[in-house]
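Order-wise, the sequence lines are chains U and F. Just so you know, we're using the working numbering here: the first sequence kicks off at 1 and counts up by one. Just so you know, we're using the working numbering here: the second sequence kicks off at 208 and counts up by one.
Treat the hints as calculated values from the structure; they're not laboratory data. One should not assume that every hint holds.
[What the hints assert, rightly or not] To give an idea of the interface, some chain F residues facing chain U are shown, with a C-beta separation under 10 angstroms as derived from the structure: (1) Asn376; (2) Arg399; (3) Thr429; (4) Ala488; (5) Glu489; (6) Ser491.
[Unchecked claim] Straight-line C-alpha distance at most 16 angstroms; calculated EDC-like pairs for lysine to aspartate or glutamate: (7) Lys443(F) - Glu405(F); (8) Lys569(F) - Glu545(F); (9) Lys432(F) - Glu193(U); (10) Lys274(F) - Glu329(F); (11) Lys415(F) - Glu405(F); (12) Lys90(U) - Glu406(F); (13) Lys126(U) - Glu108(U); (14) Lys90(U) - Glu16(U); (15) Lys116(U) - Glu78(U); (16) Lys90(U) - Glu405(F); (17) Lys203(U) - Glu545(F); (18) Lys305(F) - Glu511(F); (19) Lys203(U) - Glu406(F); (20) Lys303(F) - Glu511(F); (21) Lys46(U) - Glu193(U); (22) Lys341(F) - Asp502(F); (23) Lys203(U) - Glu405(F); (24) Lys391(F) - Glu409(F).
Small disclaimer: the values here were computed from a predicted structure and weren't measured. Glycine is no exception: its CB is placed at the ideal position from the N, C-alpha and C atoms.
Below are the chains, spelled out letter by letter.
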Amino acid sequence: MNELTIAMPKGRIFEEAYQMLIDAGFNLPEEVEMSRKLMIEIPEEKIRFILAKPTDVPVYVEHGVADIGIAGKDTLLELNRNVHELLDLKISKCYIASAGLPNTQMNEIAPRIATKYPNIAMSYYKEMGEQVEIIELNGSIELAPMIGLADRIVDIVSTGRTLKENGLVEYEHITDVSSRLIANPVSYRMKSERIQDLVSRLKKLVN
Amino acid sequence: MSSIKMFEKPLGMRDTLPAIYEKVEAVRQTGRNFLRGHGFDFIKTPSLEYYDTVGKASAIYDASLFKLVDSQGNTLVLRPDMTTPITRVATSKLLKEKIPLRLAYFASVFRAQQTEGGRPAEFEQMGIEIIGDKSVFADAEVIVTAIQLMQSYGIDSFKITIGHAGLLNCILSDYTDHKEQEHKLRTLLVERNYVGFEEAVESFDLPKTKSDALLQFINEATNIKAIEDIEKYVRKNDALVYMQQLANLIETANLSQYVSFDFTLSSHMNYYTGMLFELFAEGSGFAIGNGGRYDGLLNHFGSEVGATGFGIRVDRLLEVLPKFEVEEETVAVIFEAELFTKALQLANELRQQGSLVTLQSKDGIADEKAFALNFNRTVYVSQEDLSNE
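Given these sequences and hints, build the entire structure.
What follows is the structure, encoded as structure tokens:
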């Protein structure tokens with residue numbers, strides 16, 4: 001049996017996904033010492049976890065240094081990496097939406113959109129037949145309309161509280177987001193039995 | 208944009224230093240001998256082609272093409288693949304001389320990189336094309352040749368996944384209500400987005416029998432051991448019989464252990480019309496090669512005959528190649544100026560014996576010890592040694 005390398009996002013999603021693997025019957029230690037370790041070996045199951053920044057998971061998987069990984073649909077849409085999307089784990093559900101100050105129209109000449117998802121925002125507005133200018137930010141996106149940097153923001157929304165607290169309203173629902181199980185195309189074939197087994201065990205839990 | 212430094216190369220362009228060069232050369236030799244032994248004739252086509260002919264017909268995304276303009280104002284492309292130029296030369300010339308043709312190539316292709324580093328923009332491809340044969344034997348020959356070629360490199364841990372474009376089209380159109388849905392599902396399969404496929408099926412509002420069939424299909428069809436397992440999804444059709452024959456031929460060649468079937472396999476290369484496949488090997492994170500039947504491309508060039516083939520990426524082949532040892536001896540003959548004749552004679556003798564001999568004057572070397580480290584053996588031709596004899 002070959003070793004299976006799984007790229008996992010650090011933080012809350014790791015814990016949820018790890019618990020799912022335990023529930024699916026994988027023999028993993030109940031308590032895993034996270035601290036600052038970036039790699040966790042589970043010799044009993046021949047599994048190795050790599051802990052990565054969530055947005056980097058698809059990169060590890062595409063290059064094949066991880067066989068499979070868990071990544072948010074937002075990251076997958078934004079990076080558009082060549083990976084197989086195998087299963088919707090239905091954890092950390094939220095959605096991507098556009099938002100702005102209430103009762104405002106977008107600038108007619110050059111609407112400006114602030115976002116940390118430039119590709120998603122660009123292709124969404126393209127689809128809508130609207131040419132927009134993208135301003136890429138890395139955090140506190142809600143600031144942009146408040147201080148007049150942009151007409152709209154495109155960002156991830158889970159409860160909508162942050163928007164509300166900053167006096168913004170949601171305009172368009174762009175796409176639903178949840179964590180997905182992804183696989184490297186070569187690993188998907190070369191380690192197909194292990195991966196298929198994992199998928200079918202997780203699938204039972206999800207549905 | 209920062210200014211270009213003297214050491215920089217265009218994005219994705221790579222130097223081939225001696226060690227890699229020799230490896231590539233060995234790969235080329237083995238491949239060449241193997242393919243010629245199987246009746247394939249090597250050909251070469253120009254690096255530059257017209258955008259309107261080869262550029263447009265090629266299945267490579269437009270944004271990946273290197274484009275330039277010639278002195279008449281025509282747009283040219285650096286060839287992005289070899290199949291399209293070979294189809295051009297076959298349909299316009301070679302097919303008039305011989306049908307079917309068996310052609311092989313080992314050549315650089317050029318694809319501009321968009322996302323990031325880590326990928327070459329120029330890389331070598333080796334492959335074959337059988338043009339003018341629509342029979343299942345031609346497809347079987349392509350697959351068997353691909354497998355045996357891998358074996359000839361001493362690679363054993365690899366897999367070929369085979370699908371069929373026609374069969375997939377048939378399934379998609381049977382179980383959807385209109386073309387748009389069919390197209391959407393095919394796009395999702397090209398991206399290998401199985402989750403998206405299921406979501407799309409559920410959003411289509413299809414009759415339950417149809418959506419259930421599609422959902423079951425996506426679960427089962429990615430990994431099929433025997434062709435019979437796919438029969439329940441399709442009405443009796445020729446493609447199914449064809450795939451059964453193909454599977455039997457591979458079985459007869461005793462190579463089934465390398466092959467699996469995936470009937471969801473779909474390529475953005477829309478000229479694939481029949482059987483298509485991908486080649487994977489342990490050691491590389493990316494597919495090593497792919498191939499299939501591309502009668503559609505022949506049609507594009509105005510020919511009705513069929514064609515099938517495969518291409519392997521040499522850079523990825525190198526990643527999975529078992530350790531490769533050179534058995535040649537390198538010798539440095541270092542001589543003092545007045546003994547050049549003697550040194551030349553010695554060097555020629557050693558070359559006759561098969562060594563790779565570097566003839567170097569002592570005066571030209573800055574650090575003798577460091578220089579000698581580059582060779583298996585160093586021989587000095589000096590006055591002292593002569594007087595000792």
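Against the structure, the hints come out as follows:
Using the Cβ-Cβ criterion of 10 angstroms, the hint placing Asn376(F) at the interface with chain U is not satisfied: the shortest such distance is roughly 21 angstroms. Against a cut-off of 10 angstroms between C-beta atoms, the interface hint on Arg399(F) holds, since the closest Cβ of chain U lies about 4 angstroms away. Hint status for Thr429(F) relative to chain U: holds, with the closest Cβ pair at about 8 angstroms, below 10 angstroms. Of the supplied interface hints, the one on Ala488(F) holds, with its beta-carbon coming within about 7 angstroms of a beta-carbon of chain U, less than 10 angstroms.
Given hint, Glu489(F) at the interface with chain U, holds; its Cβ is 5 angstroms from that chain's nearest Cβ, closer than 10 angstroms. For Ser491(F), the interface hint holds, since its Cβ comes within 10 angstroms of a Cβ in chain U; the closest pair sits about 6 angstroms apart. Taking the CA atoms of Lys443(F) and Glu405(F), the gap is about 26 angstroms. The hint is violated against a cut of 16 angstroms. Proximity of Lys569(F) to Glu545(F) is assessed by CA-CA distance (about 11 angstroms); at most 16 angstroms being required, the pair is judged to hold.
A threshold of 16 angstroms between alpha carbons decides the hint, and for Lys432(F) with Glu193(U) the separation of about 12 angstroms falls inside it, so the pair holds. For the hint pairing Lys274(F) with Glu329(F), the CA-to-CA distance comes to about 14 angstroms; that is within 16 angstroms, so the pair holds. Proposed proximity of Lys415(F) and Glu405(F) is supported: the alpha carbons are some 13 angstroms apart, at most 16 angstroms. Of the pairs offered as hints, the one joining Lys90(U) and Glu406(F) holds, with about 13 angstroms between alpha carbons and a cut-off of 16 angstroms not exceeded.
Of the supplied pair hints, the one linking Lys126(U) and Glu108(U) holds, its CA atoms being roughly 15 angstroms apart against a limit of 16 angstroms. Among the hinted pairs, Lys90(U) with Glu16(U) is consistent with the structure: their alpha-carbon atoms are about 11 angstroms apart, no more than 16 angstroms. Between Lys116(U) and Glu78(U), the direct Cα distance comes to roughly 9 angstroms. Compliance with the 16 angstroms bound is thereby established for this hinted pair. Restraint check for Lys90(U) and Glu405(F): the C-alpha separation of about 14 angstroms stays at or below 16 angstroms, so the hint holds.
Between Lys203(U) and Glu545(F), the direct Cα distance comes to roughly 81 angstroms. Violation of the 16 angstroms bound is thereby established for this hinted pair. With a CA separation close to 15 angstroms, the supplied pair Lys305(F) and Glu511(F) stays within the 16 angstroms bound. Distance check on the hinted pair: Lys203(U) and Glu406(F) sit about 15 angstroms apart at the alpha-carbon level, within 16 angstroms; holds. Our distance criterion of 16 angstroms between C-alpha atoms is met by Lys303(F) and Glu511(F), whose separation comes to about 13 angstroms.
A distance of roughly 14 angstroms separates the Cα atoms of Lys46(U) and Glu193(U); the hinted pair therefore holds under the 16 angstroms criterion. In summary, the hint linking Lys341(F) to Asp502(F) is supported, as the alpha carbons are separated by about 8 angstroms, within the 16 angstroms threshold. Distance restraint check for Lys203(U) and Glu405(F): the Cα-Cα separation of roughly 13 angstroms lies within the 16 angstroms cut-off, and the hinted pair is therefore satisfied. As the CA atoms of Lys391(F) and Glu409(F) are separated by approximately 13 angstroms, the hinted pair is consistent with the 16 angstroms bound.
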